[in-house]
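**Student:** So the protein lines, in turn, are chains V and G. Heads up: the first sequence at position 187 corresponds to 187 in our numbering, and the numbers run straight through without jumps. If you count the second sequence from 1, you need to add 296 to reach our numbering.
The hints are simulated quantities; they were obtained by calculation from the structure and are not laboratory data. Treat the hints with caution; some may be incorrect.
Quick list of in silico lysine-lysine cross-link-like pairs, DSS-like style, CA-CA up to 30 Å [to be verified]:
(1) V:Lys119 x G:Lys565
(2) V:Lys252 x V:Lys118
(3) G:Lys330 x G:Lys371
(4) G:Lys371 x G:Lys381
(5) G:Lys526 x G:Lys361
(6) V:Lys182 x G:Lys375
(7) G:Lys371 x G:Lys361
(8) G:Lys381 x G:Lys397
(9) V:Lys182 x V:Lys252
(10) G:Lys330 x G:Lys565
(11) V:Lys182 x G:Lys565
(12) G:Lys361 x G:Lys381
(13) G:Lys526 x V:Lys158
(14) V:Lys118 x G:Lys565
(15) G:Lys397 x V:Lys158
(16) V:Lys119 x V:Lys261
(17) V:Lys182 x V:Lys158
(18) G:Lys375 x G:Lys361
(19) G:Lys330 x G:Lys361
(20) V:Lys252 x G:Lys355
(21) G:Lys355 x G:Lys381
Which residues of chain G face chain V? A partial, calculated answer using Cβ under 8 Å [what the hints assert, rightly or not]:
(22) Trp327
(23) Thr331
(24) Val434
(25) Leu538
(26) Ser551
The following residues of chain G were derived to be distant from chain V, with all beta-carbon distances above 10 Å [claimed, not checked]:
(27) Ala352
(28) Val365
(29) Gln383
(30) Val384
(31) Ser418
(32) Ala423
(33) Ala431
(34) Phe432
(35) Ala446
(36) Trp448
(37) Glu460
(38) Ala478
(39) Trp516
(40) Glu536
A virtual CB, placed ideally from N, CA and C, is assigned to each residue, including glycine.
This is what each chain is made of:
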Amino acid sequence: MKTFLQIVRACAVVLVSTMLWAIVSGRSPRLLVAQVAPAGRTAPAAAVLRLPDGHPDLQGLWMKSAGGFQGLFIGSLDGTNLAAGGRGGRGDGRGTGGGPGGFAPPAYEYTPQAEAEKKDRVRRGYEDPEAHCHLPGVPRALDQPAGLYPVQIIQDEKYVALLHEAMHDVRIIPTDNSPHPKNYWAWDGDSRGRWEGDTLVVDVSNFNGRTWLDMAANFVDENEHVLERFTLVDAGTILYEATVTDPTVFIKPVQMRFTLKRVPPEQQMLEYSCLEGERSLQHYTDEDGGKKRREK
Amino acid sequence: MMAAGLLAMLAAAAADQTASRPASFSPGRLWDGKTPDFRGIWQVRDTPFANIEGHAAEKGIAASKSIVVDPPDGKIPYKPESLAKRQVNSRARATADPSLKCYQAGVPRATYLPTPLQILQSPGNFAIVYQENHAFRVFQPEGRPHFDNADWWMGDTRYRWEGETLVADVASLTDESWLDGAGNFHSTEVHIVERYRIIGVDSLEYEARIEDPVVYSRAWTLRTILHRVKQPGARIVEDECLEDTNGVRHHVSPSDPRNLLRSDYSRWKTPAAR
């Protein structure tokens, strides 16, 4: 347990330093071309930037604003989330999925067997794959702590690519609605996209079954299937919706939604490095098991 | 940050290099009608990843000529003390090569790995996704200074177009990455000017002018060709590198379904295991 708390503390240091970096410089404004929607397409509520193929231009640097799966989880031996103000905790409850934005946290209904496994995993919170620097999977790739790690979207007529700062995770999503491959099992699964009107719909399958959905030990197995919907609500907002089904784990699909907000153009993507076993003890004080003497 | 004079000198030298070769091919354009189209999946065919100065054939790795084009002798112009460190690295390469530890490969090494990369591009956007360790670089338009005091695996990249050539200025690199598997290295003072140029329908020329006053006696240049990966349905696949229970690191993704069935995370579904 002590080691786990050290990991949590180490993560906090990384988060804070990343935020500090984020304050620095950025990039010059991009040229964006607004185009008229092709005839026959339902006009969106607000003017939306489009690529020449008529599809909404999702490009830019985006940041999750609020909502999503249960975020920061600091476990105790009885399974209480200390970060959410559990017994003995000092958290303020942020990051638990409610909060500003009006998005309800997703509800999970597990099969009895999966429920037992979930309880067991709560006690083994240190096994969270993301804490071991593995790829977060879907939808967790986007569902990082709000306001912390941006995602860069680059798009053309064949692909929508999501470049996540967190875990330097990459999803290059073909928008040709092509079939999933055979014998391919990955942390991020396999994503195939299509446009339904102005919404990018992504079908994600072929997961390796090792993914946790959040720090609170909500999990899926290799039967996970995700249907994602990206909708450009206005020039500065993408509504993200995901439906997670997994017949061996959930009795009914899990729904989640949150918004991505456009990051000001003076900011840019930074580098994220994470590796299991990577030791950075010289940066931590002796109190935290590091090598640096605490300054009095 | 380096002196403006030195920068100008470097740029002039690099320009000479390019000018000495024909530059006749003109690639297609993006939908803005202006930006040269570099999109695609690319990969080198030779083996500079083992040693950019050239090497004899080894088990599983074909021999390769030096990709160092300046100096003309194909050798990296190390300072004497740096050359000694390279030899130390080289002797320890079976365990000391950072790529064995699943680190992101760094610049320029990521470009000539035996795994593909994909260039993502749209007017005003340019990024490279490297299959190895799912590393990527988002190229930022030129105009603002590099981050100070950052030591990133993949550096901080600012780019501009010079006609048909994308010129990228890379700084803020860590000194923990190597240039290849032979222990060639640089310090955190390294400054790299990359030039990407399409020289044929399916050929992308890559050049890196590498300057590091701590390690080298002068700036030097490597150049190689990447080829378009034309296999139907080719794409960048997930590459996750991680440590096994014996502390050895492997590239393990995408998973073999047989491993999946043995995984601890599936065992809970078998009543006998509970």
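**Student:** Each hint needs a verdict: does it hold in this structure or not?
**Tutor:** Status of the hints after comparison with the structure:
no.	hint	verdict
1	V:Lys119 x G:Lys565	14 Å, holds
2	V:Lys252 x V:Lys118	16 Å, holds
3	G:Lys330 x G:Lys371	38 Å, violated
4	G:Lys371 x G:Lys381	15 Å, holds
5	G:Lys526 x G:Lys361	25 Å, holds
6	V:Lys182 x G:Lys375	52 Å, violated
7	G:Lys371 x G:Lys361	11 Å, holds
8	G:Lys381 x G:Lys397	20 Å, holds
9	V:Lys182 x V:Lys252	26 Å, holds
10	G:Lys330 x G:Lys565	56 Å, violated
11	V:Lys182 x G:Lys565	23 Å, holds
12	G:Lys361 x G:Lys381	23 Å, holds
13	G:Lys526 x V:Lys158	16 Å, holds
14	V:Lys118 x G:Lys565	12 Å, holds
15	G:Lys397 x V:Lys158	34 Å, violated
16	V:Lys119 x V:Lys261	34 Å, violated
17	V:Lys182 x V:Lys158	21 Å, holds
18	G:Lys375 x G:Lys361	22 Å, holds
19	G:Lys330 x G:Lys361	36 Å, violated
20	V:Lys252 x G:Lys355	53 Å, violated
21	G:Lys355 x G:Lys381	25 Å, holds
22	Trp327	5 Å, holds
23	Thr331	10 Å, violated
24	Val434	5 Å, holds
25	Leu538	6 Å, holds
26	Ser551	4 Å, holds
27	Ala352	32 Å, holds
28	Val365	29 Å, holds
29	Gln383	27 Å, holds
30	Val384	22 Å, holds
31	Ser418	5 Å, violated
32	Ala423	6 Å, violated
33	Ala431	6 Å, violated
34	Phe432	5 Å, violated
35	Ala446	7 Å, violated
36	Trp448	4 Å, violated
37	Glu460	19 Å, holds
38	Ala478	23 Å, holds
39	Trp516	25 Å, holds
40	Glu536	6 Å, violated
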